[in-house]
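Visitor: Spelled out, the chains give:
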Amino acid sequence: MKRSYYFIVAVLVFASMLLASCGPTPATQAPAATATPAPVATTAPAGPTATTACAPKGNAGIPFPSGGKTVTIAFSQEPDLVDALFSSMSYAAWTAQMTLVGLATWDSTNTLVPLLASEIPSTANGDVSADGLTITWKLKPCLFWSDGQPLTSADVKFTWQVLVDPGNAVYTRAGYDQITSVDTPDPQTAVLHFKALYPGWQTLFTSGPNNQGNLQPMHILQGKTGLEKDPFIRWPTVASGPWLITDWVAGDHMTFLPNPNYFAGHPKLDQIQIKFVPDMTTEFNALKTGDVDFGPDFSESDIPSLTPLEPAIHTRVDGLGDFEHYLFNLGIQGTGPGQSDVSGPCPFQDVNVRKAIILGIDRQTIVNTLLNGKDTVPASLWPNSSWYDTNLQPYPYDPAQANTILDTAGYKQDTPGAIRHGMCGGKDTKLSFNFETTTKQLRKDAAVAVQAMLAKIGVEFKPTFQPAGTFFGNYAAGADMATGKFDIAGYTTGFYPDPYTDNFLCSSVVSKQNQGGDNNYHLCDPKFDTLMNAVNASADPAARKTAIDAVQQYMYDNYLVIPMYTRSNVMAYQDRLILPPTSGFSGMLADTFDWDVKK
Amino acid sequence: MWTYISRRVLQALLILLIITAVCFLLTRLSADPMSQYANRQGMTAADRAHIAHSLGLDQPVPVQYVKWLWLALHGNLGDSFFSRQPVVTLISQRLPLTLELMFTSEVFIIIISLLLGIVAAVKQYSLLDNVITSFSFIGYSMPIFFIALGLMDIFAVQFKAWHLPYLPTGADIWNPHDLGALAYHMVLPVSCLVIIQVAGYSRFLRSSILEVLGLDYVRTARAKGLGERTTLIRHALRNAMLPFITIIGLDIPFLLGGAIVTESIFAWPGMGRLFWEYAERGDFPVVNGVLLIVSSAVVFFTIIVDVLYTFVDPRIRLS
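Chain order of the listed sequences is S and X.
Under my numbering, think of the first position of the first sequence as 1, with each following residue one higher.
Under my numbering, think of the first position of the second sequence as 600, with each following residue one higher.
Keep in mind that the hints were calculated from the coordinates and are not lab data.
Do not rely on the hints blindly, as some may be mistaken.
As the list claims (entries may be wrong) - Cross-link-like lysine-lysine pairs, in silico, BS3-like; alpha carbons within 25 Å at most:
no.: 1; chain 1: X; residue 1: LYS759; chain 2: S; residue 2: LYS598
no.: 2; chain 1: X; residue 1: LYS759; chain 2: S; residue 2: LYS599
no.: 3; chain 1: X; residue 1: LYS759; chain 2: S; residue 2: LYS69
no.: 4; chain 1: S; residue 1: LYS288; chain 2: X; residue 2: LYS759
no.: 5; chain 1: X; residue 1: LYS666; chain 2: S; residue 2: LYS229
As the list claims (entries may be wrong) - Which stretches of chain X does chain S cover? Using the computed rule of at least three CB atoms under 8 Å from a CB of chain S, they are:
no.: 6; region: 677-687
no.: 7; region: 710-724
no.: 8; region: 767-773
From a predicted model like this one, the values you see are computed outputs, not experimental measurements.
Every residue gets a Cβ at the ideal spot worked out from N, C-alpha and C, and that includes glycine.
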């Protein structure tokens, strides 16, 4: 064993030295597709849709022409893999939107629009059944994968089979597990049968800012399981979107060439390359030197540094449905349904204390100073989306009223500036709370500002910062938020494109008995459960809007959470780049088909 | 001799076992890989449990460790949690470019340290010595990210703004098969590593040479009528180099680990970045794989250096 062990070490060391002397890492070759060979480009594929007029235009990426138009994008992180059904990474989702697409996507106005589908199912066009249990998707005619194989409703059915196969470690099965069967009466029609009403059906088989439903190629993956380890999942060798990945040098860059068979034709560009640049200062410098054309992952705090670079480099800020919010720990200790291992701070059970704390935080000043005024203070947790209740006004900053409320609630200051205290649960209790969040600088800065603001109303706010991996840890890892051992916590999330979430339900409260729960608020309010479940009681968008408005009103009136500020995508790009109108709802790179460069 | 080597190898195996256990435990304590899936919309508890099971994270840590160790002993370092690629593949993709960067830097570091160390020692307390000493302290005391970003700002950003020939930031797309492009892109990262390392090494060599120059045998050499250059090169330098060579020898295994900061700033796809990017996400198989290779190399080269010493320096006796 010793000998073999040292042999391994020696081989590794000396092989690497040998490799070094032979030159740098060669571009890894695209993994060989295990599919049946692609047909000759000029031959129409077999199948019901094959006609002379309906033939693929090629079976490989269109080569980059001499003098062609190319753009370099910088990613601060390398996608772990590209098939977004298997990754939780934003960079994977962005990349997937370029190469693997779904039946529909969301446009810049937050409207679901057809992509591979010919139309969006609705009750009006008969594609949504009266009981909402049957959804019919119709695909565009003459769809082909980039290798020339037909893209049909069989791929829709196969995608569903991949998602529900317990042998595949997909990112999520939510919704897909509500489908009992998929019928494919013809190559362009896929009929989804649900076992129960699933109002969020629009997030299935579609690609959006917070959902990935790209279709899987049946002719490549059929008969396989454990797909998360398949080379295709990391590096798809065929594309349904406008671009095909033709080169991927690990840790360095990816190259995309046009998919010859994309239904909409040739993109305006001839090539896109993504360079992995982990350091944001380097990305900033690379924009200045022209090494990079587009930097997608800046933050609001970078805006003062980016603005002076006009007119050579432009900055774009797209509002997102994501928001930063602070959570009161509303947990009640117990072992019953909806109860937590430990109770949250006693004063938080009093709505007046929650209200006073919210009124004591000047969120607009935080937005103006730390976010350069580019984001907004939301009134609820569905900002920037069509689900947002625009009738609600953000809570005002009113420290005087906050002081009055706390005085009335029985929490007094012994001396001016002292921490308030009062009787709660039969004990003299100080209004002193720990606050936990991640080590991200923006969160640190905001927490320090909140600390100073709350001190003015006699509330002690003590921030502690943890690495994201620790902060977002699960119950088994003993993370404070999951186990309920926190007072107030803060992080960013978003509930869109579908408004429903189980994050507030009694059945989702995390506890020893329910370790897989995701109700970090430790809130269990039967009234609120009823309102939240009403959101999913209908497939009719108008009825759902009414229901989600009621949810927002209840949260607002009961001061259940602190909506701090919305978030945005902050992008910087060279003047030569022409970008179409878009928004945070389109996904970062969903519109690369329409990108162009000035002549 | 063979008894000595056998004893050292046994010690090394024990040390490696301890290192792997400690590293495995520390990585498990440092982050929860499933936290990547926390707070993600659409994921259910069942989804998370399924992924945890597929990654083997639902097993007790000691079981995970024994399984990992058994596979590692057979040359299988497992698969990355996130990219799902074999760790050996990931390392083999990154190692060549790291070695190119690090060995090139090491060559420059040795040459420049030698020159500066000798000059500073021979010209002790001269203006030149003081200048070298001053720059050494400046280089030694500056953080590498400051040097890296400073060099990039001057030689890439500002030079371009001044319409001068400028160096790349590293964020451009270039062909690593092109030796010219490779050399062009190495200038700034190699300079950073050289500035940091030369500062310490030249000071060390200077002290070593000065110590030797004061010994009796050097005085004897001079008394024999040997010239100053001959005395320095043939007699003093050979002995003064011994500890310097030891340090260089012990540096070699660390070259495999790459340079995290330099590789990150200059977008160099090497081992340092591999380690850091995967450590941030709690991708333990990759982290443990890199740690195992580097620690094995350290142990291996330490034994080699120890054994070589017995040949080079007759004063060392194995007993």
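Visitor: Against each hint, give a clear statement of whether it holds in the structure.
Guide: A quick look at each hint next to the structure:
1. X:LYS759 <-> S:LYS598: The hint holds at about 22 Å.
2. X:LYS759 <-> S:LYS599: Roughly 22 Å between the alpha carbons, so the hint for X:LYS759 and S:LYS599 holds.
3. X:LYS759 <-> S:LYS69: holds (23 Å)
4. S:LYS288 <-> X:LYS759: Distance of about 9 Å is within 25 Å: holds.
5. X:LYS666 <-> S:LYS229: Answer holds: X:LYS666 to S:LYS229 is near 19 Å, not above 25 Å.
6. 677-687: Coverage by chain S holds here, the residue count being 6 at a Cβ distance below 8 Å.
7. 710-724: violated (count 0)
8. 767-773: holds (count 6)
The structure does not agree with numbered hint 7 stated previously, though it agrees with all others.
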